[in-house]
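J.: Sequence:
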Amino acid sequence: MAPTIPTVAQAWRYPPTEPSLWNSYHSLELKDVPVPKPGKGEILVKMHAVALNSSLGKYPGGAFTTGPDHGGLIPTSDGAGEVVAVGEGVEGWAIGDRVHSLFSEAWVSGYAQEKDWPTTIGSHIQGCLTQYRIFPADFCLPVPEHLSYEQAAAIPCAGMTAFNVLFDYGSTTPNSTVLVLGSGGVSVLGAQFAKAAGARVIATTSSPDKASKYKALGVDHVINYRDTPNWADEVKKLTGGLGVDQCLRSICIW
134 MAPTIPTVAQ AWRYPPTEPS LWNSYHSLEL KDVPVPKPGK GEILVKMHAV ALNSSLGKYP
194 GGAFTTGPDH GGLIPTSDGA GEVVAVGEGV EGWAIGDRVH SLFSEAWVSG YAQEKDWPTT
254 IGSHIQGCLT QYRIFPADFC LPVPEHLSYE QAAAIPCAGM TAFNVLFDYG STTPNSTVLV
314 LGSGGVSVLG AQFAKAAGAR VIATTSSPDK ASKYKALGVD HVINYRDTPN WADEVKKLTG
374 GLGVDQCLRS ICIW
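With the sequence shown counted from 1, adding 133 to any position gets you our numbering.
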(Lines of atoms letter the chains of each structure in order from A and count residues from 1; the text may use other names and numbers.)
(Lines give C-alpha, C1' and ligand atoms only; values in the text may rest on other atoms or scores of the structure.)
Protein backbone atom coordinates (compact mmCIF):
# COMPACT_ATOMS: atom_id res chain seq x y z
CA MET A 1 0.00 0.00 0.00
CA ALA A 2 1.31 3.44 -0.92
CA PRO A 3 2.28 5.60 2.06
CA THR A 4 0.02 8.44 3.14
CA ILE A 5 1.68 11.72 2.24
CA PRO A 6 0.55 14.92 3.97
CA THR A 7 0.07 18.16 2.09
CA VAL A 8 1.86 20.18 4.76
CA ALA A 9 4.98 19.26 6.75
CA GLN A 10 7.57 21.09 8.83
CA ALA A 11 11.08 22.31 8.17
CA TRP A 12 13.72 24.29 10.03
CA ARG A 13 14.42 27.51 8.14
CA TYR A 14 16.53 30.59 8.49
CA PRO A 15 14.53 33.83 8.30
CA PRO A 16 14.20 35.37 4.82
CA THR A 17 16.66 38.13 5.60
CA GLU A 18 20.23 38.98 4.69
CA PRO A 19 22.37 36.06 5.96
CA SER A 20 24.72 38.47 7.70
CA LEU A 21 21.86 39.16 10.14
CA TRP A 22 21.50 35.52 11.17
CA ASN A 23 22.64 34.58 14.65
CA SER A 24 24.08 31.22 13.75
CA TYR A 25 21.71 28.27 14.31
CA HIS A 26 19.89 30.30 16.96
CA SER A 27 18.06 32.00 14.09
CA LEU A 28 16.46 28.76 12.86
CA GLU A 29 12.65 28.70 12.96
CA LEU A 30 10.35 25.69 12.69
CA LYS A 31 7.91 26.46 9.88
CA ASP A 32 5.07 24.76 8.04
CA VAL A 33 5.95 24.04 4.41
CA PRO A 34 3.95 22.48 1.56
CA VAL A 35 4.90 18.93 0.60
CA PRO A 36 5.76 19.00 -3.11
CA LYS A 37 4.94 16.33 -5.66
CA PRO A 38 7.82 14.82 -7.61
CA GLY A 39 8.11 15.93 -11.20
CA LYS A 40 9.71 14.17 -14.13
CA GLY A 41 12.94 12.50 -13.07
CA GLU A 42 12.40 13.24 -9.37
CA ILE A 43 11.68 11.32 -6.16
CA LEU A 44 10.02 12.47 -2.95
CA VAL A 45 11.86 11.37 0.18
CA LYS A 46 10.54 11.28 3.73
CA MET A 47 13.59 12.32 5.73
CA HIS A 48 14.35 10.06 8.70
CA ALA A 49 17.73 11.45 9.78
CA VAL A 50 19.85 14.52 9.15
CA ALA A 51 23.50 15.04 10.07
CA LEU A 52 24.62 18.39 11.46
CA ASN A 53 28.04 19.95 11.04
CA SER A 54 29.78 23.19 11.93
CA SER A 55 28.73 24.98 8.73
CA LEU A 56 25.15 24.98 10.03
CA GLY A 57 25.89 27.93 12.25
CA LYS A 58 28.68 29.69 10.37
CA TYR A 59 27.23 30.80 7.05
CA PRO A 60 28.99 33.88 5.68
CA GLY A 61 26.85 36.89 4.89
CA GLY A 62 25.55 37.23 1.36
CA ALA A 63 26.56 33.80 0.09
CA PHE A 64 23.32 31.90 0.61
CA THR A 65 19.85 32.32 -0.77
CA THR A 66 16.52 32.53 1.05
CA GLY A 67 15.12 29.63 -0.97
CA PRO A 68 13.10 29.59 -4.20
CA ASP A 69 9.94 30.66 -2.35
CA HIS A 70 11.82 33.43 -0.52
CA GLY A 71 10.56 31.94 2.73
CA GLY A 72 13.97 31.22 4.20
CA LEU A 73 16.83 28.80 3.61
CA ILE A 74 16.45 25.19 4.80
CA PRO A 75 19.99 24.16 5.81
CA THR A 76 22.08 20.96 5.94
CA SER A 77 23.38 18.90 3.04
CA ASP A 78 23.37 15.48 4.69
CA GLY A 79 20.25 13.39 5.10
CA ALA A 80 18.76 9.94 4.69
CA GLY A 81 15.21 8.75 4.28
CA GLU A 82 12.62 6.67 2.50
CA VAL A 83 11.27 7.10 -1.02
CA VAL A 84 7.53 7.76 -0.72
CA ALA A 85 6.70 8.91 -4.28
CA VAL A 86 8.33 8.52 -7.69
CA GLY A 87 8.00 10.96 -10.58
CA GLU A 88 7.52 10.25 -14.27
CA GLY A 89 10.35 8.50 -16.05
CA VAL A 90 12.25 7.51 -12.91
CA GLU A 91 14.05 4.19 -13.11
CA GLY A 92 15.93 2.36 -10.40
CA TRP A 93 13.93 3.66 -7.44
CA ALA A 94 10.73 2.35 -5.90
CA ILE A 95 8.51 3.39 -3.01
CA GLY A 96 10.06 2.14 0.23
CA ASP A 97 13.68 2.33 -0.97
CA ARG A 98 16.14 3.80 1.54
CA VAL A 99 18.33 6.58 0.15
CA HIS A 100 20.79 9.22 1.25
CA SER A 101 21.51 12.60 -0.26
CA LEU A 102 24.61 13.82 -2.05
CA PHE A 103 26.46 17.04 -1.29
CA SER A 104 25.47 18.63 -4.61
CA GLU A 105 22.79 18.17 -7.25
CA ALA A 106 25.22 18.63 -10.14
CA TRP A 107 28.71 17.59 -9.03
CA VAL A 108 29.16 13.98 -10.14
CA SER A 109 32.90 13.34 -10.01
CA GLY A 110 36.35 14.92 -10.10
CA TYR A 111 37.33 18.14 -8.38
CA ALA A 112 34.48 20.53 -7.61
CA GLN A 113 34.30 23.46 -10.00
CA GLU A 114 32.82 26.91 -9.44
CA LYS A 115 29.83 25.94 -11.59
CA ASP A 116 28.96 23.18 -9.09
CA TRP A 117 28.52 25.41 -6.03
CA PRO A 118 25.08 26.85 -6.97
CA THR A 119 23.67 23.33 -6.56
CA THR A 120 25.16 22.67 -3.11
CA ILE A 121 22.35 21.32 -0.93
CA GLY A 122 21.52 23.36 2.14
CA SER A 123 23.42 26.46 1.12
CA HIS A 124 22.49 27.63 -2.36
CA ILE A 125 19.43 25.39 -2.66
CA GLN A 126 17.11 24.01 0.01
CA GLY A 127 18.61 21.43 2.33
CA CYS A 128 17.59 18.34 4.25
CA LEU A 129 16.40 19.75 7.58
CA THR A 130 12.80 19.10 6.56
CA GLN A 131 10.33 16.22 6.86
CA TYR A 132 9.96 15.76 3.08
CA ARG A 133 12.26 16.73 0.24
CA ILE A 134 12.34 16.36 -3.53
CA PHE A 135 15.58 14.98 -5.00
CA PRO A 136 16.64 14.48 -8.62
CA ALA A 137 16.52 10.70 -9.01
CA ASP A 138 20.12 10.65 -10.27
CA PHE A 139 21.44 12.42 -7.18
CA CYS A 140 20.66 9.98 -4.38
CA LEU A 141 22.40 6.77 -3.42
CA PRO A 142 21.00 3.62 -1.77
CA VAL A 143 21.52 3.10 1.95
CA PRO A 144 23.18 -0.29 2.56
CA GLU A 145 21.17 -2.71 4.66
CA HIS A 146 23.72 -2.72 7.48
CA LEU A 147 23.51 1.05 8.01
CA SER A 148 20.82 2.86 9.96
CA TYR A 149 19.35 6.11 8.66
CA GLU A 150 21.39 7.98 11.25
CA GLN A 151 24.64 6.36 10.10
CA ALA A 152 23.85 6.91 6.42
CA ALA A 153 23.08 10.58 7.01
CA ALA A 154 26.72 11.13 8.01
CA ILE A 155 28.04 9.98 4.65
CA PRO A 156 27.48 12.84 2.16
CA CYS A 157 29.70 15.54 3.67
CA ALA A 158 31.73 14.23 6.62
CA GLY A 159 32.13 10.72 5.23
CA MET A 160 33.15 11.70 1.73
CA THR A 161 35.47 14.43 3.01
CA ALA A 162 37.36 11.84 5.04
CA PHE A 163 37.33 9.32 2.19
CA ASN A 164 38.66 11.83 -0.34
CA VAL A 165 41.49 12.88 1.96
CA LEU A 166 42.62 9.33 2.65
CA PHE A 167 42.12 7.68 -0.74
CA ASP A 168 41.79 10.33 -3.47
CA TYR A 169 44.26 12.95 -2.30
CA GLY A 170 46.16 10.40 -0.25
CA SER A 171 46.99 6.77 -0.75
CA THR A 172 46.18 4.94 2.47
CA THR A 173 47.26 1.29 2.43
CA PRO A 174 47.66 -1.50 4.99
CA ASN A 175 51.25 -0.27 5.39
CA SER A 176 50.22 3.28 6.28
CA THR A 177 50.25 4.97 9.65
CA VAL A 178 47.52 7.59 9.80
CA LEU A 179 47.18 10.36 12.40
CA VAL A 180 43.63 11.63 12.99
CA LEU A 181 43.33 14.91 14.87
CA GLY A 182 40.27 15.46 17.06
CA SER A 183 37.03 13.56 17.28
CA GLY A 184 34.56 15.41 15.07
CA GLY A 185 32.55 13.70 12.35
CA VAL A 186 35.24 13.81 9.64
CA SER A 187 37.92 12.55 12.03
CA VAL A 188 35.86 9.68 13.44
CA LEU A 189 34.82 8.49 9.98
CA GLY A 190 38.38 8.91 8.74
CA ALA A 191 39.66 6.70 11.54
CA GLN A 192 37.15 4.01 10.59
CA PHE A 193 37.99 4.20 6.88
CA ALA A 194 41.70 3.99 7.62
CA LYS A 195 41.22 0.95 9.87
CA ALA A 196 39.05 -0.70 7.22
CA ALA A 197 41.95 -0.26 4.81
CA GLY A 198 44.23 -2.04 7.26
CA ALA A 199 46.22 1.03 8.33
CA ARG A 200 47.63 1.72 11.76
CA VAL A 201 45.71 4.65 13.25
CA ILE A 202 46.71 7.14 15.91
CA ALA A 203 44.06 9.61 17.12
CA THR A 204 44.07 12.64 19.39
CA THR A 205 41.10 13.72 21.47
CA SER A 206 40.22 15.71 24.57
CA SER A 207 38.65 13.35 27.11
CA PRO A 208 38.79 9.79 28.44
CA ASP A 209 35.23 9.19 27.24
CA LYS A 210 36.07 10.12 23.66
CA ALA A 211 39.27 8.10 23.88
CA SER A 212 37.34 4.98 24.92
CA LYS A 213 34.98 5.44 21.98
CA TYR A 214 37.94 5.66 19.61
CA LYS A 215 39.39 2.48 21.10
CA ALA A 216 36.03 0.75 20.63
CA LEU A 217 36.30 1.59 16.92
CA GLY A 218 39.63 -0.21 16.73
CA VAL A 219 41.97 2.80 16.79
CA ASP A 220 45.45 1.58 17.73
CA HIS A 221 46.63 4.50 19.87
CA VAL A 222 44.69 7.42 21.37
CA ILE A 223 46.39 10.50 22.82
CA ASN A 224 44.52 12.83 25.15
CA TYR A 225 45.96 16.19 24.14
CA ARG A 226 44.80 17.81 27.38
CA ASP A 227 46.90 15.36 29.38
CA THR A 228 49.67 15.36 26.79
CA PRO A 229 50.02 18.90 25.39
CA ASN A 230 53.15 17.88 23.46
CA TRP A 231 51.19 15.20 21.64
CA ALA A 232 53.43 15.47 18.56
CA ASP A 233 56.31 14.11 20.62
CA GLU A 234 54.12 11.19 21.66
CA VAL A 235 53.30 10.50 18.00
CA LYS A 236 57.03 10.41 17.18
CA LYS A 237 57.61 8.06 20.08
CA LEU A 238 54.82 5.72 18.93
CA THR A 239 56.28 5.63 15.42
CA GLY A 240 59.90 5.16 16.44
CA GLY A 241 60.73 8.69 15.35
CA LEU A 242 59.47 8.14 11.81
CA GLY A 243 56.24 10.14 12.05
CA VAL A 244 53.11 9.26 10.11
CA ASP A 245 52.31 8.77 6.45
CA GLN A 246 49.14 10.83 6.52
CA CYS A 247 47.50 13.30 8.87
CA LEU A 248 43.79 14.04 8.77
CA ARG A 249 42.84 17.42 10.21
CA SER A 250 39.38 18.84 9.61
CA ILE A 251 39.12 22.63 9.40
CA CYS A 252 35.84 24.44 8.73
CA ILE A 253 36.34 26.97 5.91
CA TRP A 254 33.40 29.20 6.84
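There could be a bad hint or two in this list.
With a Cα cut of at most 25 Å, we get these calculated DSS-like pairs of lysine-lysine [said to hold, decoys possible]:
1. K370 to K343
2. K369 to K348
3. K328 to K343
4. K370 to K348
5. K369 to K343
6. K348 to K328
7. K328 to K346
8. K179 to K164
9. K370 to K346
10. K369 to K328
11. K369 to K346
12. K248 to K343
13. K248 to K179
Distance ranges between label pairs, derived from CB positions [claimed, not checked]:
14. C380 to K346: 19 to 25 Å
15. F296 to V141: 14 to 20 Å
16. G376 to L274: 31 to 37 Å
17. E247 to P139: 36 to 42 Å
18. L185 to G303: 25 to 31 Å
19. S345 to G376: 23 to 29 Å
20. Y158 to D360: 43 to 49 Å
21. I267 to A349: 24 to 30 Å
22. D360 to G225: 49 to 55 Å
23. T372 to K173: 30 to 36 Å
24. Y358 to F300: 23 to 29 Å
Hints were generated in silico from the structure; no laboratory data involved. Here the structure is a predicted model, which means the values were calculated and not measured. All C-beta atoms, glycine included, are put in the ideal place defined by N, C-alpha and C.
J.: I'd like to know which numbered hints this structure contradicts. Please list them from smallest to largest.
T.: 12, 13, 15, 20, 21 and 23
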